[in-house]
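*Asks:* Taken in sequence, the protein lines are chains P and E.
Numbering-wise, the first sequence is residues 1 to 118 according to our numbering.
Numbering-wise, the second sequence is residues 1 to 113 according to our numbering.
It is worth saying that the hints were derived from the structure and are not from the lab.
Among the clues, some could well be false.
Here are the simulated BS3-like pairs of lysine-lysine, each with C-alpha atoms no more than 30 Å apart in a straight line [stated by the list, open to error]:
{"#": "1", "chain 1": "E", "residue 1": "K57", "chain 2": "E", "residue 2": "K42"}
{"#": "2", "chain 1": "E", "residue 1": "K71", "chain 2": "P", "residue 2": "K55"}
{"#": "3", "chain 1": "P", "residue 1": "K66", "chain 2": "E", "residue 2": "K71"}
{"#": "4", "chain 1": "P", "residue 1": "K41", "chain 2": "E", "residue 2": "K42"}
{"#": "5", "chain 1": "E", "residue 1": "K42", "chain 2": "P", "residue 2": "K64"}
{"#": "6", "chain 1": "E", "residue 1": "K15", "chain 2": "P", "residue 2": "K66"}
{"#": "7", "chain 1": "P", "residue 1": "K41", "chain 2": "P", "residue 2": "K66"}
{"#": "8", "chain 1": "E", "residue 1": "K105", "chain 2": "P", "residue 2": "K66"}
{"#": "9", "chain 1": "E", "residue 1": "K5", "chain 2": "P", "residue 2": "K64"}
{"#": "10", "chain 1": "E", "residue 1": "K71", "chain 2": "P", "residue 2": "K64"}
{"#": "11", "chain 1": "P", "residue 1": "K20", "chain 2": "P", "residue 2": "K41"}
{"#": "12", "chain 1": "E", "residue 1": "K58", "chain 2": "P", "residue 2": "K55"}
{"#": "13", "chain 1": "E", "residue 1": "K15", "chain 2": "P", "residue 2": "K20"}
{"#": "14", "chain 1": "E", "residue 1": "K57", "chain 2": "P", "residue 2": "K55"}
{"#": "15", "chain 1": "P", "residue 1": "K41", "chain 2": "P", "residue 2": "K14"}
{"#": "16", "chain 1": "E", "residue 1": "K58", "chain 2": "P", "residue 2": "K20"}
{"#": "17", "chain 1": "P", "residue 1": "K20", "chain 2": "E", "residue 2": "K57"}
{"#": "18", "chain 1": "P", "residue 1": "K14", "chain 2": "E", "residue 2": "K15"}
{"#": "19", "chain 1": "P", "residue 1": "K14", "chain 2": "E", "residue 2": "K57"}
{"#": "20", "chain 1": "P", "residue 1": "K66", "chain 2": "E", "residue 2": "K42"}
{"#": "21", "chain 1": "E", "residue 1": "K58", "chain 2": "P", "residue 2": "K64"}
{"#": "22", "chain 1": "E", "residue 1": "K5", "chain 2": "E", "residue 2": "K58"}
Reference excerpt, derived from the structure (chain P facing chain E, CB under 8 Å, subset only) [said to hold, decoys possible]:
{"#": "23", "residue": "F34"}
{"#": "24", "residue": "L46"}
{"#": "25", "residue": "F67"}
{"#": "26", "residue": "Q107"}
What follows is a list of derived Cβ distance ranges for each label pair [what the hints assert, rightly or not]:
{"#": "27", "chain 1": "E", "residue 1": "S55", "chain 2": "P", "residue 2": "S18", "range": "47 to 53 Å"}
{"#": "28", "chain 1": "P", "residue 1": "E63", "chain 2": "E", "residue 2": "N96", "range": "25 to 31 Å"}
{"#": "29", "chain 1": "P", "residue 1": "P8", "chain 2": "E", "residue 2": "Q3", "range": "37 to 43 Å"}
{"#": "30", "chain 1": "P", "residue 1": "S73", "chain 2": "E", "residue 2": "P40", "range": "28 to 34 Å"}
The C-beta atom is built at its ideal place from N, Cα and C for all residues, glycine as well.
Given next are the chains, with one letter for each unit.
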Amino acid sequence: GAVVSQHPSWVICKSGTSVKIECRSLDFQATTMFWYRQFPKQSLMLMATSNEGSKATYEQGVEKDKFLINHASLTLSTLTVTSAHPEDSSFYICSARALPPVSYNEQFFGPGTRLTVL
Amino acid sequence: QQQVKQSPQSLIVQKGGISIINCAYENTAFDYFPWYQQFPGKGPALLIAIRPDVSEKKEGRFTISFNKSAKQFSLHIMDSQPGDSATYFCAASQTNSGYALNFGKGTSLLVTP
Chain P
1 GAVVSQHPSW
11 VICKSGTSVK
21 IECRSLDFQA
31 TTMFWYRQFP
41 KQSLMLMATS
51 NEGSKATYEQ
61 GVEKDKFLIN
71 HASLTLSTLT
81 VTSAHPEDSS
91 FYICSARALP
101 PVSYNEQFFG
111 PGTRLTVL
Chain E
1 QQQVKQSPQS
11 LIVQKGGISI
21 INCAYENTAF
31 DYFPWYQQFP
41 GKGPALLIAI
51 RPDVSEKKEG
61 RFTISFNKSA
71 KQFSLHIMDS
81 QPGDSATYFC
91 AASQTNSGYA
101 LNFGKGTSLL
111 VTP
């Protein structure tokens, strides 16, 4: 149980295009999902917190107009990287917070999406 | 500002040995301390977690030791195996602040045969 999926697992796009990444909790409902960014050999950096049915809360320094987050249902959150540039190339990981009885507020992570912008 | 400090950055342990990774935090409002294991190209996987009302938690070969007064917690991997070679992250979160995880910088563990 407590499986989180991401789609796609990797994507290559041209500079200036937009890319959408989906994050789904497969067997539980997640009122809160989180989006992280991870550069090679570095830690995870929280980008934003997404609550179902409300606007996402972005961390300082993260452009909300560039990284659009939508949390339309209790099992799906999407991250859209708009007008992507090579510096946006990174590993994007989502997590979902599970509620009792699935767990006591633990976060379960997706497998990540490798974005490469040419 | 790194809210959770993790050491060492890298660690080499022989098979069968004990791997120890340490973390320290400043925010006394943190009330959830998980450890994650991450393999290259994969998302982090929850390994074990502890809350501040206990000083130790053991699950199989993995043990968390928690020292509330020192604001430190550590992961011990007993009988380390080559398959344990991965990057380990400690983290901390606060229940009444959105549950967002504050991660340490990670420890790259290599277990040699």
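*Asks:* Look at each hint and say if it fits the structure.
*Replies:* Here is what the structure says about each hint:
Of the pairs offered as hints, the one joining K57(E) and K42(E) holds, with about 26 Å between alpha carbons and a cut-off of 30 Å not exceeded. Under the criterion of a C-alpha separation no larger than 30 Å, the hint pairing K71(E) with K55(P) is inconsistent with the structure, at around 34 Å. Pair hint K66(P) plus K71(E) does not hold up; C-alpha atoms about 37 Å apart against a cutoff of 30 Å. In summary, the hint linking K41(P) to K42(E) is supported, as the alpha carbons are separated by about 13 Å, within the 30 Å threshold.
Only pairs whose Cα atoms come within 30 Å are accepted, and K42(E) paired with K64(P) is accepted, the gap being roughly 26 Å. Straight-line distance between C-alpha atoms of K15(E) and K66(P) comes to about 46 Å, which puts the hinted pair past the 30 Å bound. Pair hint K41(P) plus K66(P) holds up; C-alpha atoms about 24 Å apart against a cutoff of 30 Å. With a C-alpha separation of about 26 Å, the suggested pairing of K105(E) with K66(P) holds against the 30 Å cut-off.
Our distance criterion of 30 Å between C-alpha atoms is met by K5(E) and K64(P), whose separation comes to about 28 Å. A threshold of 30 Å between alpha carbons decides the hint, and for K71(E) with K64(P) the separation of about 34 Å lies outside it, so the pair is violated. For the hint pairing K20(P) with K41(P), the CA-to-CA distance comes to about 24 Å; that is within 30 Å, so the pair holds. The hinted pair formed by K58(E) and K55(P) fails the criterion: a straight-line CA distance of about 39 Å is larger than 30 Å.
A hinted pair counts as satisfied when its Cα atoms are at most 30 Å apart, and K15(E) with K20(P) does not qualify at roughly 43 Å. Between K57(E) and K55(P) the CA atoms are separated by roughly 37 Å; this puts the pair beyond 30 Å, and the hint is violated. Distance restraint check for K41(P) and K14(P): the Cα-Cα separation of roughly 25 Å lies within the 30 Å cut-off, and the hinted pair is therefore satisfied. Taking the CA atoms of K58(E) and K20(P), the gap is near 40 Å; set against the 30 Å cutoff, the hint is violated.
For the suggested pair K20(P) and K57(E), the alpha carbons sit about 40 Å apart, so the restraint of at most 30 Å is broken. For the suggested pair K14(P) and K15(E), the alpha carbons sit about 45 Å apart, so the restraint of at most 30 Å is broken. Taken as a hint, the K14(P) and K57(E) pair is broken in the structure, with Cα atoms around 48 Å apart against an allowance of 30 Å. Straight-line distance between C-alpha atoms of K66(P) and K42(E) comes to about 25 Å, which keeps the hinted pair within the 30 Å bound.
A threshold of 30 Å between alpha carbons decides the hint, and for K58(E) with K64(P) the separation of about 41 Å lies outside it, so the pair is violated. For the suggested pair K5(E) and K58(E), the alpha carbons sit about 22 Å apart, so the restraint of at most 30 Å is met. With a least beta-carbon distance of about 6 Å to chain E, the hint placing F34(P) at the interface is held under the 8 Å criterion. With a least beta-carbon distance of about 6 Å to chain E, the hint placing L46(P) at the interface is held under the 8 Å criterion.
Because the beta carbon of F67(P) sits about 16 Å from the nearest beta carbon in chain E, more than 8 Å, this interface hint is broken. The interface hint given for Q107(P) is met, as the beta carbon of that residue sits about 6 Å from the closest beta carbon of chain E, less than 8 Å. Taking 47 to 53 Å as the suggested C-beta distance range, the pair S55(E) and S18(P) conforms, at roughly 49 Å. Remark: the range hint 25 to 31 Å for E63(P) to N96(E) is upheld by a beta-carbon distance near 27 Å.
Taking the beta carbon of each, P8(P) and Q3(E) are about 32 Å apart, not inside 37 to 43 Å as hinted. The hinted window of 28 to 34 Å between S73(P) and P40(E) holds, with their beta carbons roughly 32 Å apart.
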